[in-house]
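Undergrad: Here's the letter readout for the chains.
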Amino acid sequence: MTLLDPATSSATTGSDRRPTSTRFTRVLGFLTLAGIGWLVLFGLFLSPNDATQRNRVRILYIHVPSAWLAYLAFGVTGLSSLAYLWKRTRSLEWDRIAGASAEVGVLFMGITLVSGSLWGKISWGTYWEWDSRLTTTAFLFITYVGYLAVRDLGGTHQQRARRSAVLAVLAMIEVPLVHFSVKWWRPLHQQESVAEGEMEGLMLFSLLLGIIAFTLLYVWLVMHRQRVLALNDLVDDRGLDVALADRRKEAEG
Amino acid sequence: MSMWRIARLVAAKDLRIERRSRVVANQVLPFAALVMVMFAFALSSDAVLRRVAPGLVWLATLFSLLVIVQRMFAIETADGALDALQVAGVRPGGVFLGKAMALAAQLAALELLLLGLAVVLYQTELVAGGLVLLVTTFVTATIGLAFVGTLYGGLAAGAKGRETLLPLLMLPVVAPVLIGATRATEAALGTEGATPSDGWPWIGLLALFAALFGAGGTLAFGSLIDE
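Note that the protein sequences, when read in sequence, are chains A and B.
So the first sequence is residues 0 to 252, counted in numbering that gives the first Met the number 0.
So the second sequence is residues 0 to 226, counted in numbering that gives the first Met the number 0.
Same shape as in the complex, but just chain B:
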């Protein structure tokens, strides 16, 4: 079976589980919304909130990413499903890409919600001129986060009962995404007089990040989940 076919099957399976269990929709999305409200409590001033809204959107995304990744690998390790896939000779690279695709789809839904909340709660205004940059930022950052999330999720999943390790391993790695995506989003929204042309160099960083961890994950995933 080709790697892409494996990837599509695994992604469809993950999304089907989510459609039936609705754990992300009913638990993680409300959690993310709550985080946005909590930020408002902590920062209180409207001007400050408008200024830092892009950073808060991405910070809330990262926190939710940790939760989603843990959920995503909990369903795999609960019945030894990953081991079964390994024994069945399914190529780990395909499993990696499939899980990353499913994660990217869930992250995209989450980010849309967070952006909407930033508009409603923080009075963020979307600028027509920055729309292309905004969409590109969200797409490249989401792909990068999905690759890293799957890679480190697989690593922590192999070790039973050590989910507490995931944030320590993953947050330092996604720091470039937080910086790059926040700056690009600020440029797209015109925060503090930034213009879209300020944002495009950051897209390069985000794309490089996604490419490196996509390639690394496809190669290394087998070694990480092997028990």
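Chain A extracted, bound-state conformation:
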């Protein structure tokens, strides 16, 4: 109750306003916006139709960069988790970077799966093929949805950090195993080509532009999200302090 009372809560949230942006992230944000603007321009208007795929190729300018972003994000989550588990670099910073990166990764893995299955529908005639790359991607998505659920389990920040770091490292064991088992399971569906390698000129440029723009977007999103998570932790800590102070006051009064 007292937490909602403006008179006391001003101590926790009141005057010290903490924006999550700095000059660096503002510049980065503008660069990201410009990059995405260029991507729209090149991806939708300036790049030519593909010889065989025609207009369908344009989905790949979104699909491939978001897949790249998601893999990058999960890689960062894994490395940050290792950094947290290693005693000499143990810091909640690493935990929050891992969490922020996983959130962004899950979002873009979702975009990858949706854009990929739409592309599959118009190119292969099916939304889904059981090839090892698709299936591993789907498993990655589910695994990190579970990872985010584990981060929400509660407990102290340190408990959350240790639990989720161990889980992220276990995911690094799991994912290759899933990949190889699926690969052996359906040896006939191994044509992993998503029509890559045949690109040149403006099409290749558009794809690279997408990858650069999405990488900037990733850095921008993770920096902000990581700072929000840090503020969340701070609010949790201060909330406890405020509650303790209130109880003490009650006892005295």
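Think of the hints as simulated: they come from the structure by calculation, not from any bench.
Beta carbons: idealized from backbone N, C-alpha and C, even for Gly.
Do not take every clue at face value.
[Stated by the list, open to error] 25 Å max Cα-Cα, derived DMTMM-like pairs, lysine to aspartate or glutamate:
(1) K86/A x D236/A
(2) K86/A x D82/B
(3) K182/A x E191/B
[Unchecked claim] Sample of chain B residues at the chain A side, in silico, Cβ under 8 Å:
(4) L154
(5) L167
(6) L168
(7) V172
(8) P175
(9) G179
(10) I202
(11) G203
(12) L204
(13) A206
(14) S222
Please arrange chain B on chain A, whose structure you already have, making use of the hints.
TA: Using the frame of chain A, we list chain B on its own:
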């Protein structure tokens, strides 16, 4: 106390609790049998059932595994037994191995029942030539499942009242076991003209799985159950 001695004591304790309470015997085994009957209702045709019997055996094993693991950690968290073990300075690696051994024993009983049901209900025929492969498959897959079950069970047990999380975390991880064990079992039973030699590569995958999660669990269990 050595890790193995801790493991044996913990395993004996878990099996003693099961012998006295009979929760797995009286509730989980009948549930598994029911699942096999339900599969038959859903698929109906005898030919289809014979074809997919190995997969159904392993699918029913995974579903039952979820239930057994939840039971296994419910008895630990109910009285804060895991915390007590931690406070007493018992090495978590030993607790992990012990609980995995007890889980493997219960899973083995469950799988025998399911295989028997596949023979009775789905007209699966055991082939003498594939018997060695069949036994090896069941042993390696059971060890792998026991390690993963204990590891993720410990993780979910630390979080009070969030047992619903266990299937989401565990099923993606055991997918390689489902694929590998099903293919190896098909090879051992000669489903669709498969021969035992088709099955042995999958044993490699199952063994690798068991080794990785056994090592990972022994190292990480302490961090997971620490509250």
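Undergrad: Tell me, which hint numbers fail for this structure?
TA: Structure breaks hints 10, 11, 13.
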